Amino acid sequence: MMNKKINIVPVVVIMLLLIIWQTACALEWVPGYMLPSPINVVKAFVADFSLLMDHAKVTLLEAVLGLFFGILLGFVCAVLMDTFPIVKKGLYPILVISQTIPAVAIAPLLILWFSYGMTPKIILVVLVSFFPMAVGLLDGLQSVDEDMIKLMNSMKATRWQIFKYVKLPAALPEFFSGVRIAVAYSVVGAVISEWLGGFSGLGVYMTRVKKSLAYDKMFAVIFFVSAISLILMALVNVLQKKAMPWAQKK
Amino acid sequence: MKTILTVNNISKSYGDKQVIKDISIRLGKGELVSILGVSGVGKTTLFNILSGLTPPDSGNVMLYSRNDEAGAIEDGTVESAADESGTEKKGTETDTEETDKTEETDKTEAVVPGTDITGKNGYLSYMLQKDLLLPHKTVIENAALPLLLERVPKKTALETAGKEFKHFGLDGTQNQYPSELSGGMRQRVALLRTYLCNKEVALLDEPFSALDTITRASMQQWYLDMMKDIKLSTLFITHDMDEAILLSDRIYIMKGSPATIVEEIIVDEKKPRTSDFTLTEEFLEYKKRIRELL
Numbered sequence: 563m564m565n566k567k568i569n570i571v572p573v574v575v576i577m578l579l580l581i582i583w584q585t586a587c588a589l590e591w592v593p594g595y596m597l598p599s600p601i602n603v604v605k606a607f608v609a610d611f612s613l614l615m616d617h618a619k620v621t622l623l624e625a626v627l628g629l630f631f632g633i634l635l636g637f638v639c640a641v642l643m644d645t646f647p648i649v650k651k652g653l654y655p656i657l658v659i660s661q662t663i664p665a666v667a668i669a670p671l672l673i674l675w676f677s678y679g680m681t682p683k684i685i686l687v688v689l690v691s692f693f694p695m696a697v698g699l700l701d702g703l704q705s706v707d708e709d710m711i712k713l714m715n716s717m718k719a720t721r722w723q724i725f726k727y728v729k730l731p732a733a734l735p736e737f738f739s740g741v742r743i744a745v746a747y748s749v750v751g752a753v754i755s756e757w758l759g760g761f762s763g764l765g766v767y768m769t770r771v772k773k774s775l776a777y778d779k780m781f782a783v784i785f786f787v788s789a790i791s792l793i794l795m796a797l798v799n800v801l802q803k804k805a806m807p808w809a810q811k812k
Numbered sequence: 087m088k089t090i091l092t093v094n095n096i097s098k099s100y101g102d103k104q105v106i107k108d109i110s111i112r113l114g115k116g117e118l119v120s121i122l123g124v125s126g127v128g129k130t131t132l133f134n135i136l137s138g139l140t141p142p143d144s145g146n147v148m149l150y151s152r153n154d155e156a157g158a159i160e161d162g163t164v165e166s167a168a169d170e171s172g173t174e175k176k177g178t179e180t181d182t183e184e185t186d187k188t189e190e191t192d193k194t195e196a197v198v199p200g201t202d203i204t205g206k207n208g209y210l211s212y213m214l215q216k217d218l219l220l221p222h223k224t225v226i227e228n229a230a231l232p233l234l235l236e237r238v239p240k241k242t243a244l245e246t247a248g249k250e251f252k253h254f255g256l257d258g259t260q261n262q263y264p265s266e267l268s269g270g271m272r273q274r275v276a277l278l279r280t281y282l283c284n285k286e287v288a289l290l291d292e293p294f295s296a297l298d299t300i301t302r303a304s305m306q307q308w309y310l311d312m313m314k315d316i317k318l319s320t321l322f323i324t325h326d327m328d329e330a331i332l333l334s335d336r337i338y339i340m341k342g343s344p345a346t347i348v349e350e351i352i353v354d355e356k357k358p359r360t361s362d363f364t365l366t367e368e369f370l371e372y373k374k375r376i377r378e379l380l
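Chains as they are written, first to last, in the working numbering: chain A, 563 to 812; chain B, 87 to 380.
Keep in mind the hints are simulated off the structure, nothing from the lab. Please note: incorrect hints may appear among the correct ones.
[Stated by the list, open to error] Taking lysine-lysine pairs in the BS3-like style, the calculated list, with each CA pair at most 25 Å apart, reads:
no., chain 1, residue 1, chain 2, residue 2
1, B, 317, A, 718
2, B, 373, A, 718
3, B, 241, B, 223
4, A, 651, A, 718
5, A, 804, B, 206
6, A, 718, B, 206
[Unchecked claim] Short, incomplete list of chain B residues facing chain A, as computed with Cβ under 10 Å:
no., residue
7, 208
8, 214
9, 226
[Stated by the list, open to error] Far from chain A, some chain B residues (derived; all Cβ distances over 10 Å):
no., residue
10, 141
11, 146
12, 336
13, 377
Only a predicted model underlies this, so the values are computations on that prediction, with no experimental measurement involved. Yeah, the Cβ is synthetic: ideal placement off N, Cα and C, and Gly gets one too.
All chains should be built: construct the whole structure from the sequences, respecting the hints.
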């Protein structure tokens, strides 16, 4: 949100939580090696900053490439399912079933098939981001008012014209909701597949600092990963505003 | 008056249920003819058939377009369904129709074939009940939609649409989005879009029914004023007696299940009319008669 007036309530709540956390650590309610204080987490982040950035580059590249292909695939599937009811009948149940398979379970398989490079990570991101895209966009395409289609038909519009003038613009809000969810999944997906084998990336960094029991670095990287997701989602919001100027004028 | 459209013996069933039966209608050039009936009687089904979106079970729709002007029928009056179904009819106007009937049918078949547009879309412009403006297009782009669909270059299309904005009372709204307009204004945009379809016959399905009473009255007045300059042949669906009497040259009453045309009423009041007409004795006479029929 580009709102000038940032909502004050969540900011206060977060500040309060941080203060409680810091106090708990300072008064040693919890042993310091188990729960590092927020200040120590920040220190760890600063100390490892360049290393974190190197790993982040890899993770981001996997996430973005996977997202790109995931969105593309989801888009094509949604349009096909919308255009040909038989495709929807055949594909939709499989899509839903595929979502019940946990990503953590297929990641090792992908590594066995495609080795330790970037490929299995990108494939996993495609798999997790594809579903929210396809389903979201399909819902959007099919939400169009039947009467609007009737009107277009009475004006002898072609299928492509109906898609271009009516369906696609109407589906844009759902499209962007899908992208937002896919973005969140994609970063997590990339990190998970890195846990299970790889040479670099934030997931690999995580497993390493876990092994050396560096709790402060663990916390630092966890916050860093969620910050990346948040930034990407904010970026999607900006894109959506640009793509749908009419939505603000209400 | 030249006939521009005839609807001949249209019937339609959905499953076992016959919705409309043996409907025949004639529309003269520049005429505004209303089809009046209670909600749900099958008026919209009829329009879906006329616009070619739904094929009828039987009957046909003939368009006598400007292209075969030479042969267009002079003062053709088609048989109304009232004659066909043999329901009781009021003497005066049906008498004259009877005499024209045979002659007209002959002419239709022998001289002007017209165009059989049964089940074909794209011949008539159709305005549905809702305004159905595209929220993501500006007002002018919405109005120009029929031109854009015909692949008129965007610049030309917008220019053509822009010329009509003043006439339709939409000046200044060109670059707004539909969500910024009031209900009445949105309806005007939808009417302009229908007009820009540039077909010889417009089908208007309760265009003012979604508006509040006051806005509706002012829209009707505006519509009457505008029609002074635009000679559009219009078939008009409504369930509002006052609206039908105020706007129409003739009114077909649609009734029953399956629905048939039970009566044709000629509103013999000079045009252009104003809303003062609704306060006259004659107006009440028409209204009384229609109320009895419904």
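Of all the hints numbered above, which does this structure not satisfy? Sort the numbers upward. 2, 4, 5, 9
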